[in-house]
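Engineer: Model the full assembly from the supplied sequences, consistent with the hints where possible.
Residue numbers (my numbering), protein chains in the order written: chain D, 1 to 110; chain X, 1 to 117.
Heads up, a few of these hints could be off.
Lysine to any residue pairs mimicking SDA-like chemistry, simulated, CA-CA at most 25 angstroms apart [to be verified]:
(1) D:Lys106 / X:Gly56
(2) X:Lys23 / D:Gln45
(3) D:Lys48 / X:Glu10
(4) D:Lys48 / X:Ala9
(5) X:Lys65 / D:Ser59
(6) D:Lys48 / X:Phe64
(7) D:Lys106 / X:Ser21
(8) D:Lys106 / D:Ala18
(9) D:Lys42 / D:Leu57
(10) D:Lys106 / X:Val93
(11) D:Lys42 / X:Asp102
(12) D:Lys42 / D:Ser7
(13) D:Lys48 / D:Ser21
(14) X:Lys74 / X:Ser21
(15) D:Lys42 / D:Gln26
(16) D:Lys42 / D:Gly71
(17) D:Lys110 / D:Ser13
(18) X:Lys23 / D:Ser59
(19) X:Lys65 / D:Ser97
(20) D:Lys48 / X:Gly44
(21) X:Lys23 / D:Gln41
(22) X:Lys67 / D:Ser59
(23) D:Lys110 / D:Gly44
(24) D:Lys110 / D:Arg64
(25) X:Lys23 / X:Gly56
A few chain X residues that face chain D, going by a derived Cβ cut-off under 7 angstroms, partial list only [stated by the list, open to error]:
(26) Gly42
(27) Asn61
(28) Tyr103
(29) Val115
In case anyone wonders, no lab produced these hints; they're calculated from the structure.
Please read all numbers here as calculations on a predicted model, not as lab measurements.
We treat Cβ as the ideally placed atom computed from N, Cα and C, and that holds for glycine.
If you want the building blocks of each chain, they are given just below.
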Amino acid sequence: DIVLTQSPVLAVSLGQRATISCRASQSVSISSINLMHWYQQKPGQQPKLLIYRASNLASGIPARFSGSGSGTDFTLTIDPVQADDIAAYYCQQSRESPDTFGAGTKLELK
Amino acid sequence: QVQLQQSGAELAKPGSSVKISCKASGYTFTSYYISWIKQTTGQGLEYIGYINTGSGGTNYNEKFKGKATLTVDKSSSTAFMQLSSLTPDDSAVYYCARGPLDYFDYWGQGVMVTVSS
Chain D
1 DIVLTQSPVL AVSLGQRATI SCRASQSVSI SSINLMHWYQ QKPGQQPKLL IYRASNLASG
61 IPARFSGSGS GTDFTLTIDP VQADDIAAYY CQQSRESPDT FGAGTKLELK
Chain X
1 QVQLQQSGAE LAKPGSSVKI SCKASGYTFT SYYISWIKQT TGQGLEYIGY INTGSGGTNY
61 NEKFKGKATL TVDKSSSTAF MQLSSLTPDD SAVYYCARGP LDYFDYWGQG VMVTVSS
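Structural biologist: As structure tokens, then:
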């Protein structure tokens, strides 16, 4: 299975930029299609899709969220961070079955 | 609006089975697969598998073959997952999600399954 590695915690100040990374154990890209997706999960809630195929903003998601990357290295950026963004963030790959998720990055306030 | 409404929390004894449901609304049920995902504190999010809601065809993560059985009732736009031969390791929150379309665009609220004697 493809292993996705995320840093467990990221501390950020409100109004600043947060950069959350996800590294895959092998490429999750096919030609120009990057099969990496990002979710936000708040305590007691289900995950919510933020970014699909590395850089596409899901419906209803604010433009302060953006995604980038290809191959094995991907980034979710939140700029500027707002109080409502304090949550856990997960990456997911669909390049190879079974789909796998990263262990998540908890975004905390400094 | 798209909604996936899951059944309530389950408390089950080791060795027993549970069947949880996921009722879809707000879209054409048979136009999208339904997937199931397990979440625990220790193992994080794990993909169980999906069901083709039109044909009933299934695809399972090898890890969950023999543990999970996915079915669907098109007449009620409801997907089901049965978990059998339960052990404490099956205690988790289980989500249904629409997809994969590579990704999962809508998720149910989750069902907590607790396995305890």
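Engineer: Each hint: holds or not?
Structural biologist: Tested hints:
1. Using a Cα cut-off of 25 angstroms, the hinted pair Lys106 (chain D) and Gly56 (chain X) is violated, with the two alpha carbons roughly 37 angstroms apart.
2. Restraint check: the Cα-Cα separation between Lys23 (chain X) and Gln45 (chain D) comes to about 18 angstroms, which is no more than 25 angstroms; the hinted pair holds.
3. Taken as a hint, the Lys48 (chain D) and Glu10 (chain X) pair is honoured in the structure, with Cα atoms around 24 angstroms apart against an allowance of 25 angstroms.
4. Under the criterion of a C-alpha separation no larger than 25 angstroms, the hint pairing Lys48 (chain D) with Ala9 (chain X) is consistent with the structure, at around 21 angstroms.
5. Of the supplied pair hints, the one linking Lys65 (chain X) and Ser59 (chain D) is violated, its CA atoms being roughly 34 angstroms apart against a limit of 25 angstroms.
6. In summary, the hint linking Lys48 (chain D) to Phe64 (chain X) is supported, as the alpha carbons are separated by about 24 angstroms, within the 25 angstroms threshold.
7. This hinted pair does not check out: Lys106 (chain D) and Ser21 (chain X) have alpha carbons roughly 30 angstroms apart, beyond 25 angstroms.
8. Proposed proximity of Lys106 (chain D) and Ala18 (chain D) is supported: the alpha carbons are some 11 angstroms apart, at most 25 angstroms.
9. A C-alpha spacing of about 19 angstroms is found between Lys42 (chain D) and Leu57 (chain D), which places the hinted pair at or below 25 angstroms, so the restraint holds.
10. In summary, the hint linking Lys106 (chain D) to Val93 (chain X) is supported, as the alpha carbons are separated by about 19 angstroms, within the 25 angstroms threshold.
11. Proximity of Lys42 (chain D) to Asp102 (chain X) is assessed by CA-CA distance (about 23 angstroms); at most 25 angstroms being required, the pair is judged to hold.
12. Note on Lys42 (chain D) and Ser7 (chain D): the hinted pairing holds, with a Cα-Cα distance of about 17 angstroms set against a maximum of 25 angstroms.
13. With a C-alpha separation of about 18 angstroms, the suggested pair Lys48 (chain D) and Ser21 (chain D) falls inside the 25 angstroms cut-off, and the hint holds.
14. Taking the CA atoms of Lys74 (chain X) and Ser21 (chain X), the gap is near 13 angstroms; set against the 25 angstroms cutoff, the hint holds.
15. Taking the CA atoms of Lys42 (chain D) and Gln26 (chain D), the gap is about 29 angstroms. The hint is violated against a cut of 25 angstroms.
16. For the hint pairing Lys42 (chain D) with Gly71 (chain D), the CA-to-CA distance comes to about 28 angstroms; that exceeds 25 angstroms, so the pair is violated.
17. For the hint linking Lys110 (chain D) to Ser13 (chain D), the alpha-carbon distance of about 5 angstroms falls within 25 angstroms, and the restraint holds.
18. Note on Lys23 (chain X) and Ser59 (chain D): the hinted pairing holds, with a Cα-Cα distance of about 22 angstroms set against a maximum of 25 angstroms.
19. Only pairs whose Cα atoms come within 25 angstroms are accepted, and Lys65 (chain X) paired with Ser97 (chain D) is accepted, the gap being roughly 14 angstroms.
20. This hinted pair checks out: Lys48 (chain D) and Gly44 (chain X) have alpha carbons roughly 15 angstroms apart, not beyond 25 angstroms.
21. The straight-line distance between the Cα atoms of Lys23 (chain X) and Gln41 (chain D) is roughly 21 angstroms, inside the 25 angstroms bound, and the hint therefore holds.
22. As the CA atoms of Lys67 (chain X) and Ser59 (chain D) are separated by approximately 34 angstroms, the hinted pair breaks the 25 angstroms bound.
23. Restraint check for Lys110 (chain D) and Gly44 (chain D): the C-alpha separation of about 23 angstroms stays at or below 25 angstroms, so the hint holds.
24. Restraint check for Lys110 (chain D) and Arg64 (chain D): the C-alpha separation of about 19 angstroms stays at or below 25 angstroms, so the hint holds.
25. With a C-alpha separation of about 15 angstroms, the suggested pairing of Lys23 (chain X) with Gly56 (chain X) holds against the 25 angstroms cut-off.
26. For the restraint placing Gly42 (chain X) at the interface with chain D, the shortest Cβ-Cβ distance is roughly 10 angstroms, beyond the 7 angstroms limit, so the hint is violated.
27. For Asn61 (chain X), the suggested interface contact is upheld, since its CB lies about 4 angstroms from the closest CB of chain D, less than 7 angstroms.
28. About 4 angstroms separates the beta-carbon of Tyr103 (chain X) from the nearest beta-carbon of chain D, less than 7 angstroms, and the hint is met.
29. With a cut of 7 angstroms, the hint placing Val115 (chain X) at the interface with chain D is violated, because the nearest CB-to-CB distance is about 21 angstroms.
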